[in-house]
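K.L.:
Single-letter residue listing:
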Amino acid sequence: MATTLEARRPGSRLKRRNTLLGLSFILPNFLGFATLTLVPVIVLFYLSFTDWNAFGSAGWVGVENFREMLGDARFWTSLRNTLYYSALHIPLTFAVSLGLALLLNRKLRGVAFFRTAAFFPYVTSIVAIAFVWNALYSPDVGPINHLLRTIGIDDPPGWTTSADWSMPAVVLVSVWRDMGYYMLLFLAGLQTIPTELYEAARMDAANAWQRFWNVTLPCLRPTTFFVTVMLTIGSFKVFDIILVMTNGGPGTSTLVLSQYIYDQGFVENDFGYASSVSVVLFLICISVTVVQFVVNKRRAL
Amino acid sequence: MTTTSANAQAVTRGKALGGASGGPVRERRAPRRPVSTVGRVLGYLVLVVAAAAVLLPFFWMVTSSLKTNNAVFTIPIQWLPEDARWQNYLEIWRKSDMGTWIKNTMLLSAVITALQLFTGSFAAYGFSKVRFPGRDVLFLVYVGTIAVPWQAYMIPQFILMSKLGLSNTLWAIVALQAFSAFGVFLMKQFYETIPGELSEAARVDGLTEYGIYRRIMLPLSVPALASLALLTFVFVWNDYLGPLIYLRSPELWTIQIGLKSFIGQYNAEYALIMTGSVLSVLPIAIIFLLGQRYFIQGIATSGMKG
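Protein chains in written order, with my numbering: chain A, 2 to 302; chain B, 127 to 432.
Incorrect hints may appear among the rest.
[Unchecked claim] To spell it out: a stretch of chain B is covered by chain A in this simulated footprint if at least three of its residues, at any positions, have a beta carbon under 8 Å from a beta carbon of chain A; those stretches are:
1) 214 to 227
2) 233 to 239
3) 263 to 275
4) 319 to 329
5) 358 to 367
6) 406 to 416
Hint data in this document are derived by calculation from the structure and do not stem from the laboratory. Please read all numbers here as calculations on a predicted model, not as lab measurements. Ideal Cβ positions, reconstructed from N, Cα and C, are used throughout, including at glycine.
Whenever a hint applies, use it, and build me the whole structure from the sequences.
P.N.:
Pasting the structure below:
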């Protein structure tokens, strides 16, 4: 078969050669990628309909796990907390990193130093910074509350030891940690904006705010889109910073979806149920990304 | 064609950020306009306060690591230790398995970085320089998984690794990190900026595709490889969740897991924990300061939609 095809179409031999060649380049990475990412993602959906436990006995239970989830108070708490975290983390990180990028996108002596300082927290180990921040937050003897008392706040918050303040405390640390990364993305975007546009805006007597609103923001749209997508996914999957800072506590005040999956899977050994919760996390992340894609497309028209 | 030029721009941008080549970009920067002195001073003031606030936790960590336990929390705050206790830096090695943790982490970071560089750049060449049916769909699958959080599939992945007998071995971490889609994406972004005429000419001269990859693409992509290497190294060094799930035996622990268990075990030894924290950050800080140009370039390039 193949030979007759080749005889008829001289290009197809080259095509097949190229396919084999291309695949041979991709294969070493693809083998690992397929086994460790693609297969697990597909298996996830199967697992979510079973009662698989640590001993590997899997029975098909249909939508039972999802029905159980509807009445599971801890699941709803973790979902609510995840949304709470995202509602604080996404706008704060966005505003802080964009602000930093605007400040640093100028000719100033020492700009490189400030950029390095802002980015440094992003590359440091999470366990170390969690311990340092917990010590800083320490309600009775920590430096933060000491400072608050000296400026006249007699009853400073309990931070990570208080159910009301633990989430804002965690968000503050993650904004501090992430802002440098998103700042770099914004800086890269800002440098693509042609200065002619600003000059034209000045000719039209646009003030700084008008220039920002009518030149900077529209030109930054590809970057803001990318940053929003990455920030949203990053917020919904938040895990390690919470695990090492509060371990979901006090009580369940910082329990998030990812940690609930971890607890159900690796502590309770209920892989089936943990997979169903994972499916929820998966669907949230995918649908948020798709919605942002659609909105971005529509605005671009 | 438009994507290629956009990518070329992306890389110029990355370079401008890193300060590698100032030439053409410098001209496009903000025009020389007299900025008011007040504005300038105000801008500096904001930046200095912000930088101090951002770096303060690190400053406090380092000074606390040289204190006695009782001196870490004092009122008023002691910003500098009265007399530096350098013996904390000897004691930590005696009280913990810091040596083993660092050795494991170094080994993992090195092996994973090497594998990621090879498989990532190799696959990226296939995706950007060889034309074959199905290529773009396959690449879309790669990029698509960047939107899927690892937390969502860590359970099936764990079951798979256990079936393969990799659980509780360092190989689990290697398998976990060495084949990331991110590496392929980053390298492809860079290769797209290399003009096709170059490989075309090499093909005419009789070089095979593998030859072009090795003799032309690899030497040209050293900056991108450096970016990927540094980002991977730091990522593996700082990874907490992978080792937490897969490495049960203490002799396999990495620095993050080790430090966390040390905090649990000696929870009142504040100064010593600070010492351990400094040691866990120090190698990364050095690598970052030496190669920050490449970090910045890597992130700027990866942020561009191709």
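K.L.:
Hints first: check each against the structure and report whether it holds.
P.N.:
Comparing the hints with the structure gives:
1. Counting residues of the segment 214 to 227 of chain B whose beta carbon lies closer than 8 Å to any beta carbon of chain A gives 0, which falls below the threshold of three, so the coverage claim is violated.
2. Counting residues of the segment 233 to 239 of chain B whose beta carbon lies closer than 8 Å to any beta carbon of chain A gives 0, which falls short of the minimum of three for the stated coverage.
3. Residues of the segment 263 to 275 of chain B lying with their CB closer than 8 Å to a CB of chain A number 7, which satisfies the three-residue condition for coverage.
4. Look at the segment 319 to 329 of chain B against chain A: 0 of its residues bring a Cβ nearer than 8 Å to a Cβ of that chain, fewer than three, so the hint is violated.
5. Interface restraint, the segment 358 to 367 of chain B with chain A: holds (5 residues with C-beta to C-beta distance below 8 Å; minimum three).
6. For the segment 406 to 416 of chain B, the stated coverage by chain A holds: 6 residues have a C-beta nearer than 8 Å to a C-beta of that chain, and at least 3 were required.
Checked against the numbered hints given earlier, this structure breaks hints 1, 2, 4; the rest are met.
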